[in-house]
Each structure stands twice: as C-alpha cells, then as structure tokens.
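Undergrad: Chains as they are written, first to last, in my numbering: chain A, 1 to 542; chain B, 1 to 40.
Bear in mind the hints are in silico, worked out from the structure with no lab data behind them. Glycine residues also receive a C-beta, built at the ideal position from the N, C-alpha and C atoms. Hints may contain errors.
Claimed, not checked - Covered stretches of chain A (in silico footprint by chain B; criterion: 3 or more residues with CB under 8 Å from a CB of chain B, positions within the stretch not fixed):
#1 261–274
#2 384–396
What the hints assert, rightly or not - Just so you have them, the derived chain A footprint on chain B, three or more residues with Cβ under 8 Å:
#3 1–7
#4 10–24
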Amino acid sequence: MSTTAEGAAEQADAERRRGGFSSRRVFILAAIGSAVGLGNIWRFPYVAYENGGGAFVLPYLVALLTAGIPFLLLDYAIGHRHRGSAPLSFARLRRGTEGFGWWQAAICFVIAVYYAAVLAWALRYTFFSLDQAWGADPEAFFFGEFLQAGDVEVTADVVPGVLVPLAIVWLAVLVIMALGVQRGIGATSLIFIPVLVLAFVVLVVQALLLPGAGSGLDALFTPDWSALTSASVWAAAFGQIFFSLSIGFGIMITYASYVGRREDMVGSGLVVGFSNSGFELLAGIGVFAALGFMAQAGGVAVGQVASGGIGLAFIAFPTIISEAPAGALLGVLFFGSLVIAGITSLISVIEVVISAVRDKFETSRLSATLAVVVPTAVLSLILFSTTSGIYVLDVVDHFVNQYGILVVALVSMLVVAWVLRVLPRLGEHLNVHGRPRVGTGWRVLTSIVAPLGLAVVLVLALRDDLSAPYGDYPTWLLVVFGWAVVVALPLIGFLLARMPWRAGTHLDGPPPGSDPALPLHPTPDSTSGTRPGAASDEGGSR
Amino acid sequence: MSTEAVVMMVVAMLVIWGGLGLAIVSLLRHGAVEDRADDA
Numbered sequence: 001m002s003t004t005a006e007g008a009a010e011q012a013d014a015e016r017r018r019g020g021f022s023s024r025r026v027f028i029l030a031a032i033g034s035a036v037g038l039g040n041i042w043r044f045p046y047v048a049y050e051n052g053g054g055a056f057v058l059p060y061l062v063a064l065l066t067a068g069i070p071f072l073l074l075d076y077a078i079g080h081r082h083r084g085s086a087p088l089s090f091a092r093l094r095r096g097t098e099g100f101g102w103w104q105a106a107i108c109f110v111i112a113v114y115y116a117a118v119l120a121w122a123l124r125y126t127f128f129s130l131d132q133a134w135g136a137d138p139e140a141f142f143f144g145e146f147l148q149a150g151d152v153e154v155t156a157d158v159v160p161g162v163l164v165p166l167a168i169v170w171l172a173v174l175v176i177m178a179l180g181v182q183r184g185i186g187a188t189s190l191i192f193i194p195v196l197v198l199a200f201v202v203l204v205v206q207a208l209l210l211p212g213a214g215s216g217l218d219a220l221f222t223p224d225w226s227a228l229t230s231a232s233v234w235a236a237a238f239g240q241i242f243f244s245l246s247i248g249f250g251i252m253i254t255y256a257s258y259v260g261r262r263e264d265m266v267g268s269g270l271v272v273g274f275s276n277s278g279f280e281l282l283a284g285i286g287v288f289a290a291l292g293f294m295a296q297a298g299g300v301a302v303g304q305v306a307s308g309g310i311g312l313a314f315i316a317f318p319t320i321i322s323e324a325p326a327g328a329l330l331g332v333l334f335f336g337s338l339v340i341a342g343i344t345s346l347i348s349v350i351e352v353v354i355s356a357v358r359d360k361f362e363t364s365r366l367s368a369t370l371a372v373v374v375p376t377a378v379l380s381l382i383l384f385s386t387t388s389g390i391y392v393l394d395v396v397d398h399f400v401n402q403y404g405i406l407v408v409a410l411v412s413m414l415v416v417a418w419v420l421r422v423l424p425r426l427g428e429h430l431n432v433h434g435r436p437r438v439g440t441g442w443r444v445l446t447s448i449v450a451p452l453g454l455a456v457v458l459v460l461a462l463r464d465d466l467s468a469p470y471g472d473y474p475t476w477l478l479v480v481f482g483w484a485v486v487v488a489l490p491l492i493g494f495l496l497a498r499m500p501w502r503a504g505t506h507l508d509g510p511p512p513g514s515d516p517a518l519p520l521h522p523t524p525d526s527t528s529g530t531r532p533g534a535a536s537d538e539g540g541s542r
Numbered sequence: 001m002s003t004e005a006v007v008m009m010v011v012a013m014l015v016i017w018g019g020l021g022l023a024i025v026s027l028l029r030h031g032a033v034e035d036r037a038d039d040a
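Turn these sequences into a full structure, and let the hints guide you.
TA: Here it is in structure tokens:
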C-alpha cells in the first residue's frame, strides 16, 4: 500500500473515532436545528416590521442570496475539506490562522453560558402557561416574582425558580453531548426539528384564527418603500441573515466536518438557508397574527404592542395567552417551540468547543464533554440564576453578538479570501459533488459583497454604542461584561493556539483521503494521484 | 388586510418557500444522479 493510501486509511480510522452524521438528511436537520433558534422566533418579526414591513422582503432576500448562503457555503467548504473542528480546520488552512478557530470556540463558550438561561426561562414559562401563573401583569411578574431582578448590580442572591430549570437544561445538554455526534446531536435533531415545525404550524393556525389577526399581518406586510433608501434597513437585513444562519463562528465548520466527503454541500446549504428563512417567515406570520389580536383586545394600534426579544416572549405573549381562547395550548406551543429551537441551537454551539478540545487533546467523547459542559454549566448557573442575571445576560448577549461574532466572522472571512487566497480551491472542493456549481460569482460575493455587508452592520452598531451607552446600563457593567469580554476572546483564542498539537496530527492542508473526488474505498492506485490543483495542499504532520 | 400587504405576503411566501421547494428538489435529483454514478 502506498504512503498516501496508508494516510487515507489512518484518516478514515480517525474519522470513525471522531464520529459523524450517518446521512445527509441528519446533517441537514442538525444544521437547520442550529440555524433555527430564538432569533428566528423573536427577532425576525420585529426587525422586519421596524424596517419597512413588506418592503423588507427585498433587502432580506438580497442579503440571503448575496451574503448568507455564500458565507454558509464558505463555512461548509472549510470544515468539509479539512475534516476538523474550527481550530483544526484553520490550522490545516495554515498553522498561523489556528487562533481564529479558537476565537470562534471561545465565543461559542460564552454564548452557551447565557443562551441556556433563556432556555431555562422558556422551559419554566411552558408550565406557567398551563395556569397563566403571571396573572394580570406579566411584566411585573417576569422581572419581579420570576427573575427577582433588583437594582443593576452583580449579586450572588440565587433565584431557585431559575436555578432548577437551568440545571435541568444543562443536564439535558450533558446527556445529548455525551451520546455523541450521531446518537446525540443527530438523533435530537431528527426528532426535535419535525416536532418544532409541527408545533409552530399549529401555533400559526391558532394565531390566524384569533380576532384581529389580519390587522397584525397588515402591519407586518404593508410595505414602506421609502425604507429601501435607508442604509440602516439594508444593514438590518444583512444583520438578520447573518445572525440567524449560525455562520462565521465555527458551528457550520464543525458540522460540515462530520459529513461524508461525497455529499453535495452546495445543495445542502441551499436547503438549510431557505429552511431557516422559511421558518422565520412562518414565525413572522404567527407572531404578528397574535400581536394583532393583542392590539384589538386592548383597543390600540399594532405598533403600540409590537416588540421583539425578551419583551415579546415573556411579556407580550403571556398577555396574549391570558386573553386568547385556548390560551394554555397557545402558550405551551409557543414556549415549547422556544425550548426546542433553543436546545438544538445550544447543542450546536457547545459542540464547537467539544470538537475543538477533542481534536487538540485527542480525548474520548465523554472526557471532552465533561471537560467542556461541566465548567460551562457551573459558570452559567453562577452568573444567570441570580437576581442580577438578566442585566449581565443582556449586556453579554449584545456585545458578543455585535463585536464578537461579527468581528471574528468578518476578519476570518477576509483572511481566508485575501490573505490565504484559498477561495478557488474551496470552490473547487464544493464543485466535486455539489450542484449548482459555484464559480466566480460565489468568490466575488464571499470576498467582497458579504464582508462589505458585515462591515456596514458593524460600523452602524459601533456608532450606536459609542453615541449612547447600551441599554442605559452603568459604564462599569458595559466595560466588565461587554467590552472586556469581546477584547479577551481573541486574546484567549490566539493564546490557546500556541498550545502544541499532539504528535501525528496532520496540519497544513486537508488530511490524506479527504478528497471528495476519490472513490469511497481507496486502492493503492486510486489514492496515489491527486486532483489537479490539489497537489500543493498536502501538508505535513506535526 | 390591504391589497398591498396581501401581495407582499404572497410574494414572500412564494419566493422563500418556493426557493426551499426548489432547493429540496434539486438536492434530491442530484443525489439520485450520484447514486447511479456510484452503481456504474
């Protein structure tokens, strides 16, 4: 057997140990599960309403086709070609860029810490829905009785009503992650995504049957064409697509590395991209139909009750649930959907860190899971089951999204496109089994249009944050849990990249046998050659 | 609902859900072609 064939056999063995998705269908469902999260349900409807209503469809589609899907395919190409976690994939692109992968993993760690807290709230509210425990004033109940939020300060006063569901969320995550890529993430996605879609369709039908639903949809879809001339509307569209697709921070790189090397990554990417947007549209219809009912019941305009984020989920929706016929069913469907959408996203975020630890330290799945999930859960419980959890969460979420994810995505995209100049090679990889084929258009979109779109989003966000303190929070809170965190993440990332790889880890190029053009069962003859243009990729082991 | 709003809602549904349908059909067709190539 030739040296290349031995390398291919070793790689096949390594991939068996590492685990992977059993089929394209499982991968697509897992990727949809990652992309469809809380933002699809509580962010998109309000962003669309605020930015031109029906006219927002145009910039949204432009952003999806010119930045979202091209960037998604870039992530897929990096992970699928280099067969590794984000740090390993970047190290295989070029050793000096490994830090970008760790930066992404560090961001995922921080997101997991606070994202679980929102799931815990939604889990608790699923049960609150049964008897409308929030009473006549959902806002006072949420901040007062439920979160017990006091003054803006960091306290150690534990709220048992948050601590218990948060511990349950982390226990569920621990079990899913310990089961592995296919039996844990894959099986969860196979069950949860169809359930989520079904639950949300029932919710939308119920919302559409409520009196006043039409006025809600009218508010959402009536176009304000003048909005199309506003840069902030276009930035909002690019931001929405970017944040909801789970691109640019390691998730799609990691998931793509678990896919069989002969799969059509372009076709899969189109399905994932349009599924994510399809669910957002469904959410928009359901949410605004319900808000239309709320406005009619209160005798006010839809604009006066329209909201997004935590305000929509934990204040507006409880009000709707209390007033709507069969409100308990509506509540269980809504908060249950939040829990399901959230858990499939949370496991994708934490998998970025687990896969990075596994690749770097060659540990077992269980050891890596315990090493990552236990400290993440402990930190999450310490920070977010207290009376100050809501404030810390709001600040960390804002800064990590705007200056963590956005900056690492932008910088790593520019490095891949303009410093490493590997887009032609990555496009070639996608084209081996992918249809439609990607070519010059994809390279232009990935290297110019998408970074430009993200840069505008970043500049506008920075302008807003520098002109007024975010959320009127005190400066010390913004510095400690905002700016300091986003500055520390790349430093930690490049520090972690200085740790040596274990002996024998293949770096500087895709591993032997990862070429999708090669047959599934390599023979010495078939593995002795490489595709044109791929010869220079072969790197060495460390 | 106003006519304008109905039109925009239908357009959004057709483009996004239609795009999803086309993407699924394309993926299934291409998968079938690849399977035949493997058989050969």
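Undergrad: Determine for every hint whether it applies to the structure shown.
TA: Evaluated hints:
Coverage of the region 261–274 of chain A by chain B holds. Counting CB-CB distances below 8 Å, 8 residues qualify, and the rule asks for three or more. For the region 384–396 of chain A, the stated coverage by chain B is violated: 0 residues have a C-beta nearer than 8 Å to a C-beta of that chain, whereas at least 3 were required. With 6 residues bearing a CB less than 8 Å from a CB of chain A, the region 1–7 of chain B meets the requirement of three and the coverage assertion stands. With 10 residues bearing a CB less than 8 Å from a CB of chain A, the region 10–24 of chain B meets the requirement of three and the coverage assertion stands.
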